[in-house]
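Chemist: Letter by letter, the chains look like this.
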Amino acid sequence: MRAQVGQASALFFMLREANWKDRISYAIGKLKAFRVQGDSMLPTLRDGEVVLISPKASVEPGDIVLAKHPYKQSVKMLKRVAAIDDSGRYSLVGDNAGESTDSRTFGTLPVAHIEGKAVCRVK
Amino acid sequence: MFDKLRNAEIEIAEAHCDGPCGVYDPSQARIEAESVLQLTKKILDLKAPDAGDQKASAAYQNTLTRFIAIKEERAELAKHHLLILWTDYFKPVHLEKYADLHDLFWKTAKLCSACKQEVSLEHAQELMDNIKRVHEIFWETKGKDVPWFMAS
Chain A
0 MRAQVGQASA LFFMLREANW KDRISYAIGK LKAFRVQGDS MLPTLRDGEV
50 VLISPKASVE PGDIVLAKHP YKQSVKMLKR VAAIDDSGRY SLVGDNAGES
100 TDSRTFGTLP VAHIEGKAVC RVK
Chain B
0 MFDKLRNAEI EIAEAHCDGP CGVYDPSQAR IEAESVLQLT KKILDLKAPD
50 AGDQKASAAY QNTLTRFIAI KEERAELAKH HLLILWTDYF KPVHLEKYAD
100 LHDLFWKTAK LCSACKQEVS LEHAQELMDN IKRVHEIFWE TKGKDVPWFM
150 AS
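Those sequence lines, one after another, are chains A and B. In terms of numbering that gives the first Met the number 0, the first sequence opens at residue 0 and continues consecutively. In terms of numbering that gives the first Met the number 0, the second sequence opens at residue 0 and continues consecutively.
None of these hints come from the bench; they were simulated from the model.
Covered stretches of chain A (in silico footprint by chain B; criterion: 3 or more residues with CB under 8 Å from a CB of chain B, positions within the stretch not fixed):
hint, segment
1, 36 to 48
2, 65 to 78
3, 92 to 104
With a cut-off of at most 20 Å between alpha-carbon atoms, the simulated EDC-like pairs for lysine to aspartate or glutamate come out as follows:
hint, chain 1, residue 1, chain 2, residue 2
4, A, 116, A, 38
5, B, 143, A, 38
6, A, 29, B, 10
7, A, 31, B, 10
8, A, 67, B, 10
9, A, 31, B, 8
10, B, 90, B, 24
11, A, 31, A, 16
12, A, 122, A, 38
13, A, 122, A, 21
14, B, 90, A, 38
Note that beta-carbon positions come from the ideal geometry of N, C-alpha and C, so glycine has one too.
All chains, please: the whole structure from these sequences, using the hints.
Modeler: Written as structure tokens, this is what we have:
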């Protein structure tokens with residue numbers, strides 16, 4: 000196994016709620032909105048909830064990211080970054096690991112598949 | 000302006016499992032195994048007719064053959080549903096909590112075969128007991144309290 004450059008130390012930290020700055024960022028297009036579909040990110044994200052994604056924020060292990068699915072071109076998914084290896088590939092895992100298809104199934108993903116970092120959720 | 004975040008037009012980000020439907024339930028295996036148990040009982044209870052009564056003999060052969068054929072088929076279906084749960088539903092994270100999971104499924108699948116090969120009430124009951132354990136583990140992983148019950 001490759002040495003892991005970064006690894007999430009504390010998984011499952013919750014995503015904060017959107018504040019007025021986030022709302023302005025969304026209004027001017029700096030943040031993108033996505034609706035969560037599915038239970039793989041429970042208890043952090045619920046089915047139907049809306050999250051705001053920053054395409055430019057730097058991503059570290061422990062962050063929740065929006066990623067392109069490796070096989071299904073039109074599918075974007077939300078997963079937690081479990082680790083980033085020394086070749087820059089991302090290992091993604093759902094918080095609700097028992098009901099998630101993620102890097103345990105499809106392997107690690109290159110940075111080109113990472114479309115942004117989830118910064119907050121909208122109540 | 001921000002209210003539109005709540006409307007339905009927002010792009011979807013998937014957070015789920017790749018299973019085509021994601022619907023699993025050990026009840027499928029339980030129902031088939033119940034059939035196996037009942038048919039095993041019926042085969043054991045079936046009385047052979049007196050020698051020489053050709054009509055009764057034909058009826059007996061027909062009934063016995065049907066019981067055996069259906070037992071064979073249902074045991075195979077039970078095994079099929081168990082293997083789906085084992086290979087598609089359960090994941091490494093479940094194995095961490097239920098260390099005997101592989102052993103349980105392996106033995107339960109073998110019991111399905113034993114129930115085909117034999118006319119064994121003991122193995123048919125053992126198959127039910129193992130599927131009950133699968134039921135308990137399955138619903139624990141789902142966080143739901145689903146009581147065990149039988150149709151027969």
